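S.K.: In case you want the letters, here they are:
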Amino acid sequence: MALKPKEAAPAAEKAPEGKADKGAKAPAAPSYAPFLAPAFVGSLVLVFIGERMLGNVETWRLVFSGLGVLGAGVSTALRFVQASAEKDPERRKIERALSLFAALGLVALGIYFAGNTEVGRRMLGILDAAPDKRARFDGASTVAWVVLILVSVVPLVFGEIALAPMRRAPRVEGRRVRAATIAGLSLALAVAYAALFTYAAGELDAKVDFSYFRTAKASESTKKIVTSAPDTVEVRAFFPPMNDVGLEVEGYLADIAKGAPNFKYGFYDRLLNPQLAKDNKVTQDAVIVILRGPTRETLTLDKEMNKAAAKLKTLDADFQKALLKAMKEQRTAYFTVGHGELNEGQGAAAAEGRTSKILRRLLESQNYVVKDLGMPQGLANVVPEDASLVVVLGPSQAFLPEEITSLEKYAARGGKLLLALDPETKGDLAPLAALADLAFDPTVLATTDQLFVPRRRNASDKANLVSNRFSSHASVSTLSRVSQRAVVLVPVAGSLDKKAGSEPKVDFVLRSSGAAFADKNGNYEIDGDEKKATFNLAAAVTKPLADGVDKAKVKGPQEMRAFVIADADALSDLALGVAETNQLFAMDAVRWLGGDESFSGEIVTPEDVRIEHTKQKDTYWFYGTIIGAPALLFGVGLLVTRRARRMAGRKA
Amino acid sequence: MRNALLVAGREIGSYGRSLLGWAIGAAALLVEGVWFSANGLSGSRMSADVLREFFNGASGVTMIVAVLMSIPLLAGERERGTLVLLNTAPIRDIEIIVGKYLAAFAMIALITLVSVYMPLLIFVNGKVSLGHVAVGYTGILLLGSAALALGMFTSAVSRSQVMAAILGGLLLAVMVTLWLVAKVTEPPVNGVLAGMALHHQRQFPFMTGVLKLENVVYYVAVTYFFLLAATKTLEARRWR
Chain G
2 MALKPKEAAP AAEKAPEGKA DKGAKAPAAP SYAPFLAPAF VGSLVLVFIG
52 ERMLGNVETW RLVFSGLGVL GAGVSTALRF VQASAEKDPE RRKIERALSL
102 FAALGLVALG IYFAGNTEVG RRMLGILDAA PDKRARFDGA STVAWVVLIL
152 VSVVPLVFGE IALAPMRRAP RVEGRRVRAA TIAGLSLALA VAYAALFTYA
202 AGELDAKVDF SYFRTAKASE STKKIVTSAP DTVEVRAFFP PMNDVGLEVE
252 GYLADIAKGA PNFKYGFYDR LLNPQLAKDN KVTQDAVIVI LRGPTRETLT
302 LDKEMNKAAA KLKTLDADFQ KALLKAMKEQ RTAYFTVGHG ELNEGQGAAA
352 AEGRTSKILR RLLESQNYVV KDLGMPQGLA NVVPEDASLV VVLGPSQAFL
402 PEEITSLEKY AARGGKLLLA LDPETKGDLA PLAALADLAF DPTVLATTDQ
452 LFVPRRRNAS DKANLVSNRF SSHASVSTLS RVSQRAVVLV PVAGSLDKKA
502 GSEPKVDFVL RSSGAAFADK NGNYEIDGDE KKATFNLAAA VTKPLADGVD
552 KAKVKGPQEM RAFVIADADA LSDLALGVAE TNQLFAMDAV RWLGGDESFS
602 GEIVTPEDVR IEHTKQKDTY WFYGTIIGAP ALLFGVGLLV TRRARRMAGR
652 KA
Chain Y
23 MRNALLVAGR EIGSYGRSLL GWAIGAAALL VEGVWFSANG LSGSRMSADV
73 LREFFNGASG VTMIVAVLMS IPLLAGERER GTLVLLNTAP IRDIEIIVGK
123 YLAAFAMIAL ITLVSVYMPL LIFVNGKVSL GHVAVGYTGI LLLGSAALAL
173 GMFTSAVSRS QVMAAILGGL LLAVMVTLWL VAKVTEPPVN GVLAGMALHH
223 QRQFPFMTGV LKLENVVYYV AVTYFFLLAA TKTLEARRWR
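Chains as they are written, first to last, in this note's numbering: chain G, 2 to 653; chain Y, 23 to 262.
Keep in mind that the hints are not guaranteed to be accurate.
[Said to hold, decoys possible] Below, computed lysine-lysine pairings styled on PhoX-like, alpha-carbon distance capped at 25 angstroms:
hint : chain 1 : residue 1 : chain 2 : residue 2
1    : Y       : Lys149    : G       : Lys308
2    : Y       : Lys205    : G       : Lys304
3    : G       : Lys265    : G       : Lys224
4    : Y       : Lys205    : G       : Lys279
5    : Y       : Lys149    : G       : Lys208
6    : G       : Lys322    : G       : Lys358
7    : Y       : Lys149    : G       : Lys218
8    : Y       : Lys149    : G       : Lys88
9    : Y       : Lys205    : G       : Lys308
10   : G       : Lys208    : G       : Lys312
11   : G       : Lys312    : Y       : Lys205
By construction, these hints were calculated from the structure, which means they are not laboratory data. Only a predicted model underlies this, so the values are computations on that prediction, with no experimental measurement involved.
Using the sequences provided together with the hints, build the complete structure.
M.R.: If you want it as structure tokens, here you go:
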């Protein structure tokens, strides 16, 4: 329906002639020319409405998108017709340039429809392509059509704005239009490059983290657990779109996914994916589902940041706990009872921190169920078959011979023992130490150097030893890596040694400093025949299975393992609560006993410091920050400006 | 570039001689002080939370100060009729824009950095890292730079300071609230909108002490784009 130039000419002739050039002829621009750019942009808007706003209603989508494509095509064609019909070379040049920009828009539409419709994708062979090839194509085509639309529309609109006042003038200034289109092109390219650079920087994911307190990061331990899985571990996170908590979780999961090819994760809106949510038994937002084969574990957060903040701080520990549940079958740890163990601490003992809640929690975090084992549970006869670990935690009374025999039998059939002995125990602990072929000397150690923890501010503090002398054994691998800056508290410890003629493999994993001595007379001073020496504070013992043991019934590694420490207080709530290193020490020991030493490493649980202040301080701070500083700045400003004014006055 | 520095020097001198610049600085400190006292001194709070909240408040103040300071840069000159002098001077449009931007940015940086005693007060009773403080201020300065460039663009397209203020405020509000729009749109549009939002997703990592290259590039890109747009607006007098 393009008008012929001859038909358009009379309309153009009616136009008022330019004042500057009275002698020149009126331009031959057809009457539809000023509407081509608005028609083109309006057509693109119709396509946008059809594709993005009415995409779900097929009929309307076809109507709007169809009209849009038709409008864009016709307006571009008319522009080309107009360009070829122009007699003035300057006008022809301008119209050709604008036609090319419009054509770029058509190319953009073509790329969009080729990449986003079934017909187009089939023609390009994308529909049946591999997922990664499809993803690459989708990314590239999206960038291409967005950039082309920008490069088409912005210079076209700018050019039209510059051209509009000259349309009916006898002559046009091509340079003005050119300058406008170049300005538009620069801006469009600036947007495209800025977006691409930002995107590329995001893909690089380069960052420096100076936060003192933050959402827990994925620890090495968690990453090791994931990579050790023989099959794929999948995580489905159900969060509302653009949720703050979801973004934090995404950062955490992305960190794990970086080094674990067998780890996959995805974020889903529960309301947009009701079937998926139902399949995963998710009925609320902010739920993380860990899937490994048929096993499914769930971790629930809160979708509001202020409520979820506390849980985000312990995300790594909680995620690891759920992950271990999905990775391994639940195991049972028995704590012996009935001999005044730490786990029975009550009254004054509990008030002093001689309890074992933290150790219990650590075991639970490693997928253990904790149960009691005493006379009522049959300790005098046999350790239950389901025992993956038996913990003897600082008994203050001796065990009965029958109980020792029962533990011996358990050890002989490949049992795992965590023995925490206490020098302050009234009974004889030698039989317990003998379970691991060790000799326990209950003489309290003290030190002559400064390696102790002041508690009572008297000589007795010299018995509160600390040590960073770790072996390279797997049961202390995390701490041995950071031994230059990590110490374990060992308050009031005895010492261990190999039993004469012992067969098992014994590795003393923690030793005292060379300045320690066995304080035989209990005065915390080195005197008499007391000598400085290095004492063994903890040992990891392994023994092969005896002949005839049914290997199928052995829980964990196919050997007897025992971890013995000469000071039960090191595993008490007091020490574990004060020193994170003691928690690492206990955790690594438990992991080694359970055969999970490859998972060793710190669990990231950042701690923050609460700001405590008094009312008087508040007053100083209030006046200082609110009144003082602004008043000072304003005062300086007054002085400076008055001085400047005075100087100016003098000069004048 | 030498011409741009000349313009910047002249602008900084005029800021120093005018009481308005000092008053804006004092007002910004006052608002930040009230915010800090309300968040840091209310009850027993975690150090990192207090620091994050301080940066949150300070970033808002900086955005507003940046737009306020950008308004008179070009619209003011046009209103007073002095823009003609600049246009006829032997100096390119880009040098005018960069010079004025540098001067205003120096002032914003000064006003922002004067408040450093507030986060340092946290060390008295709490515990944060100096790196966290530095990253937080980096984020605020980048945000201030982007808001300033945005304000310069609106100042360049407006004929009066009132119009520049209204346009600047509106554009800033749109850029900040794109985050909220992203929440009610579907992928992939929501991702694009959230990525374009000036404050929320981009500024939060800085507040928590995490310096991400992506966010730095974003703020630099926004600053560059609006400065380019302002330059092109000045240049447009040749073809409009």
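S.K.: If a hint holds in the structure, say so; if it doesn't, say that too.
M.R.: Hint by hint, here is what the structure shows:
1. The hinted pair formed by Lys149(Y) and Lys308(G) meets the criterion: a straight-line CA distance of about 22 angstroms does not exceed 25 angstroms.
2. Of the pairs offered as hints, the one joining Lys205(Y) and Lys304(G) holds, with about 13 angstroms between alpha carbons and a cut-off of 25 angstroms not exceeded.
3. Distance hint between Lys265(G) and Lys224(G) is fulfilled; the C-alpha atoms sit about 13 angstroms from each other, no more than 25 angstroms.
4. Between the alpha carbons of Lys205(Y) and Lys279(G) the distance comes to roughly 23 angstroms, so the proposed pair stays at or under 25 angstroms and holds.
5. This hinted pair checks out: Lys149(Y) and Lys208(G) have alpha carbons roughly 22 angstroms apart, not beyond 25 angstroms.
6. A threshold of 25 angstroms between alpha carbons decides the hint, and for Lys322(G) with Lys358(G) the separation of about 17 angstroms falls inside it, so the pair holds.
7. A hinted pair counts as satisfied when its Cα atoms are at most 25 angstroms apart, and Lys149(Y) with Lys218(G) qualifies at roughly 20 angstroms.
8. Restraint check: the Cα-Cα separation between Lys149(Y) and Lys88(G) comes to about 77 angstroms, which exceeds 25 angstroms; the hinted pair is violated.
9. Distance hint between Lys205(Y) and Lys308(G) is fulfilled; the C-alpha atoms sit about 19 angstroms from each other, no more than 25 angstroms.
10. Taken as a hint, the Lys208(G) and Lys312(G) pair is honoured in the structure, with Cα atoms around 23 angstroms apart against an allowance of 25 angstroms.
11. Using a Cα cut-off of 25 angstroms, the hinted pair Lys312(G) and Lys205(Y) holds, with the two alpha carbons roughly 23 angstroms apart.
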